[in-house]
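Participant: Each chain, letter by letter, is given below.
Protein chains: 2
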Amino acid sequence: VQIEVVTIGDELLLGFTVDTNAAHLARQLAAQGVAIVRRSTCGDEAHEIAAAVREALDRTGAVITTGGLGPTSDDLTKESIAAIFGRGMHRDESIVENLKERWKKRGWPGDLPVANLQQAMVPDGCEILTNNHGSAPGIWLEDERGRWVAMLPGVPREMRGMLADTLLPRITARLSAGAEAPRVIASRTLRTSGIAESALADKLGPLAKAPFGLSLAYLPGVEGVDLRLTSRGRTAAEAEPVFAQATAAIHELVGHNIYGEGNDDLAALVLDEMRARHITLALAESCTGGLLGARITAIPGSSDVLLGGVVAYANAVKRSMLGVREATLATFGAVSEETAREMALGARERIGADAALSITGVAGPGGATPGKPVGHTCFGVALGGDVHTFTMNLYGDRAEIRERAAQAALFALRRALAKPAS
Amino acid sequence: VQIEVVTIGDELLLGFTVDTNAAHLARQLAAQGVAIVRRSTCGDEAHEIAAAVREALDRTGAVITTGGLGPTSDDLTKESIAAIFGRGMHRDESIVENLKERWKKRGWPGDLPVANLQQAMVPDGCEILTNNHGSAPGIWLEDERGRWVAMLPGVPREMRGMLADTLLPRITARLSAGAEAPRVIASRTLRTSGIAESALADKLGPLAKAPFGLSLAYLPGVEGVDLRLTSRGRTAAEAEPVFAQATAAIHELVGHNIYGEGNDDLAALVLDEMRARHITLALAESCTGGLLGARITAIPGSSDVLLGGVVAYANAVKRSMLGVREATLATFGAVSEETAREMALGARERIGADAALSITGVAGPGGATPGKPVGHTCFGVALGGDVHTFTMNLYGDRAEIRERAAQAALFALRRALAKPAS
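Chains A and B, in that order, give the protein sequences. Whatever position you read off the first sequence (first residue = 1), add 498 for the working numbering. Whatever position you read off the second sequence (first residue = 1), add 498 for the working numbering.
Treat the hints with caution; some may be incorrect.
As the list makes no split between identical chains, a pair holds if one copy fits it or if it spans any two.
To be verified - Below 30 Å or equal to it, Euclidean Cα-Cα: the simulated DSS-like pairs (lysine-lysine) are:
| hint | residue 1 | residue 2 |
| --- | --- | --- |
| 1 | Lys917 | Lys602 |
| 2 | Lys707 | Lys603 |
| 3 | Lys598 | Lys917 |
| 4 | Lys602 | Lys707 |
| 5 | Lys603 | Lys917 |
| 6 | Lys870 | Lys707 |
| 7 | Lys701 | Lys602 |
| 8 | Lys917 | Lys707 |
| 9 | Lys870 | Lys602 |
| 10 | Lys598 | Lys707 |
| 11 | Lys603 | Lys701 |
| 12 | Lys598 | Lys701 |
| 13 | Lys701 | Lys917 |
| 14 | Lys603 | Lys870 |
These are calculated hints, taken from the structure and not from any lab test. As the structure is a prediction and not an experimental result, all values here were calculated from the model.
The whole structure should be built from the sequences, with the hints applied where relevant.
Facilitator: Structural data, given as structure tokens:
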């Protein structure tokens, strides 16, 4: 099965908006064995929409569009595509009722504005794709020859919801009407931290290229290097055991550095473990300035574990709020393992937590000194009776160095938690 | 002048990579008066590339491609497009020299790998577009009728560099060969905070739709509502005074809420003002958990102003690290203007700063209590002898509420700084 996607909107074409819908559609469809063979973007004008959709329809007979379903005069998707199919338009009263109900439910004053009724105009002979996440319904239009266009809204949240709720099940049902299981593109991601891309490839040895006939991509980012295994040409049932084999083989070689799969967030994993073991946490941040705290507290329920922290940006604050000694700062400098140790101990004691993490480094672009270049970052992990300190030379710009530092601190804490209690 | 863009790559088509090149190209070209009328994305196969580029060339005669110029067997852009033009391929020795020099300069061991020589193969009769940011050179291919394809690399940094260094000047020169100044698409953005989209439109009155013949878009986000004025069909010189007029008229009506233009960051503006006035800052964050500190310290040189802060997530930390009174927490609750006031005063005193900001709120999804729904957030601004407190009901999910809270705190500080000293 081959599909084309047409994303519609001047905002996309002019580059004011980056087209994230297209990538989302592609990933979701590939996972169902549907290949997108071409993607086009056109502006809001009726003739542009009609041309782009007609050409796509001629090539594949199956087209998904996004955008142009709203209530304004710019929204011409339905009319333009109805014209390709030689269909007229009519008002769908069930949509009108739905819009009126939405309006009332929100407690907005007065009656539904006339402009909104435009959203109830649909091509003759179409089917409505319900929108549970917004007001513009989607449209499915099909001709006698089985050629079809599915029109989804452009707002990403609504598009994603409608795709999952309505369109994907419909496409999957069409596919399973055929005889055999579809060959899908499926992928699995292993997340690593604390190891460089080249070192990973070295350690993986003969697996580094195409383990068990899967393709392996290295995706370096500020949270570490993700390993993406991709299977092509297998059915979902065939792909599963190959992924399991490859994952086990990779774990054997670099398991030490793998902290999760898919979209796993290291902060969430660390929190879960600390919550289960009733260990509370305090933070002492210098160069990250609150970034580690912000990352941890982005997770609902983090207050079970994180009591608080100190952003000790100025040296005076390291002394007054964390009890770092003047002599330590004078002898070893603010960016040193000695200072990191006292920051972690001070945070743990003053905040009254069981464990503490500290970060102090040179985030750049200024601030480098001889022996302490931009990226030079010292960490402290206070857990149990132990304070572990270490130094990393992180690379990238200021933002990257700070994010890498937060991730490195979490990874160190995770390793410390994994050790048997001293 | 009309151009089509074809972005090439399986990664784009499969949705593993979001196509940011397309948006960048569109914005840069629009600013030169060049309209992109269609954008297509195809996979790495030669016949797909040839079909997409041929169709685009038939429609406009002017095509920019990105991707497929690398050294691997997947990189088929040059061959596929040469075939459309009926051209053969040859090896360009100047590129070979360049590649060899790059290899040596980097100190890599051994000779240039044979695979890299693929990058030196170019279509007969093409022009080379120098790449100052990577190894793959770009290609300009033109036929007797003046139809052309410009091939740029897919790596965003290299694509952007080559566009700026080489391709835009070339396209601009072509345009200026014509008689008159090109009609461009130009835009200007005014950034507002502390006012809802609908209230903005109300206050702008008759300007709300199309001030001075410009189109006006409302772009709500976590930092507030941006107002984007867009001019179409004017030359750059004609657009400038219209922007100035419209900006002045909008300032007259809602200037109180406008804090900047373009990509201005409110945190940077506040820092600049405090630095100039030698005012230092301390933070006390509860629900934002360090996000405000992270945002401020993302800016190089923020240490001139920000001394530090306390992330007081647990009530015990609000008491021990900020001196919030037990009675205040018991009587008014942790999310109250009374607590916000004591947090700000405590942070200012203990950190020894001139000014302090505090935030305490219900970020959700849990934590709501009667009278304090999710999004209910209290702020304190300590500046001079004064502590100003206020409450906002912020909307969105947890992440949005926290970002809105950080922005609201900065906006309140900016207003406090603008007041005559008390």
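Participant: Is it within, between, both or neither when you check Lys602 against Lys707 at 30 Å Cα-Cα?
Facilitator: between (58 Å within a copy, 27 Å between copies)
Participant: Under a CA distance limit of 30 Å, which applies to Lys917 and Lys707: within one copy, between copies, both, or neither?
Facilitator: neither (32 Å within a copy, 63 Å between copies)
Participant: Using 30 Å as the alpha carbon limit, work out where Lys701 and Lys917 are close: within a copy, between copies, both or neither.
Facilitator: Cα proximity of Lys701 and Lys917: one copy only (23 Å, versus 62 Å across).
Participant: Within, between, both or neither: how does the pair Lys603, Lys701 come out at a Cα-Cα threshold of 30 Å?
Facilitator: between (59 Å within a copy, 27 Å between copies)
Participant: Between Lys701 and Lys602, at a C-alpha cutoff of 30 Å, which is it: within one copy, between copies, both, or neither?
Facilitator: between (62 Å within a copy, 26 Å between copies)
Participant: Go through the copies and call it for Lys870 and Lys707: within, between, both or neither, with a Cα cutoff of 30 Å.
Facilitator: neither (37 Å within a copy, 55 Å between copies)
Participant: Checking an output row: Lys917 and Lys602, CA cutoff 30 Å. Within, between, both or neither?
Facilitator: neither (58 Å within a copy, 42 Å between copies)
Participant: Reference check for the pair Lys603 and Lys917, CA-CA at most 30 Å: within, between, both, or neither?
Facilitator: neither (55 Å within a copy, 42 Å between copies)
Participant: Given identical chains, is Lys707 near Lys603, meaning Cα to Cα at most 30 Å, within a copy, between copies, both, or neither?
Facilitator: between (56 Å within a copy, 28 Å between copies)
Participant: First find the shortest C-alpha distance between Lys598 and Lys701 inside one copy, then the shortest across copies, and answer within, between, both or neither for a cut-off of 30 Å.
Facilitator: between (62 Å within a copy, 28 Å between copies)
Participant: Could you figure out if Lys598 and Lys917 sit no more than 30 Å apart (CA to CA) within one copy, between two copies, both or neither?
Facilitator: For Lys598 and Lys917, the Cα distance exceeds 30 Å both inside one copy (60 Å) and across copies (46 Å).
Participant: At 30 Å max between alpha carbons, let me know whether Lys598 reaches Lys707 within a copy, between copies, both or neither.
Facilitator: between (57 Å within a copy, 26 Å between copies)
Taken one by one, the earlier hints fail for this structure at numbers 1, 3, 5, 6, 8, listed in ascending order.
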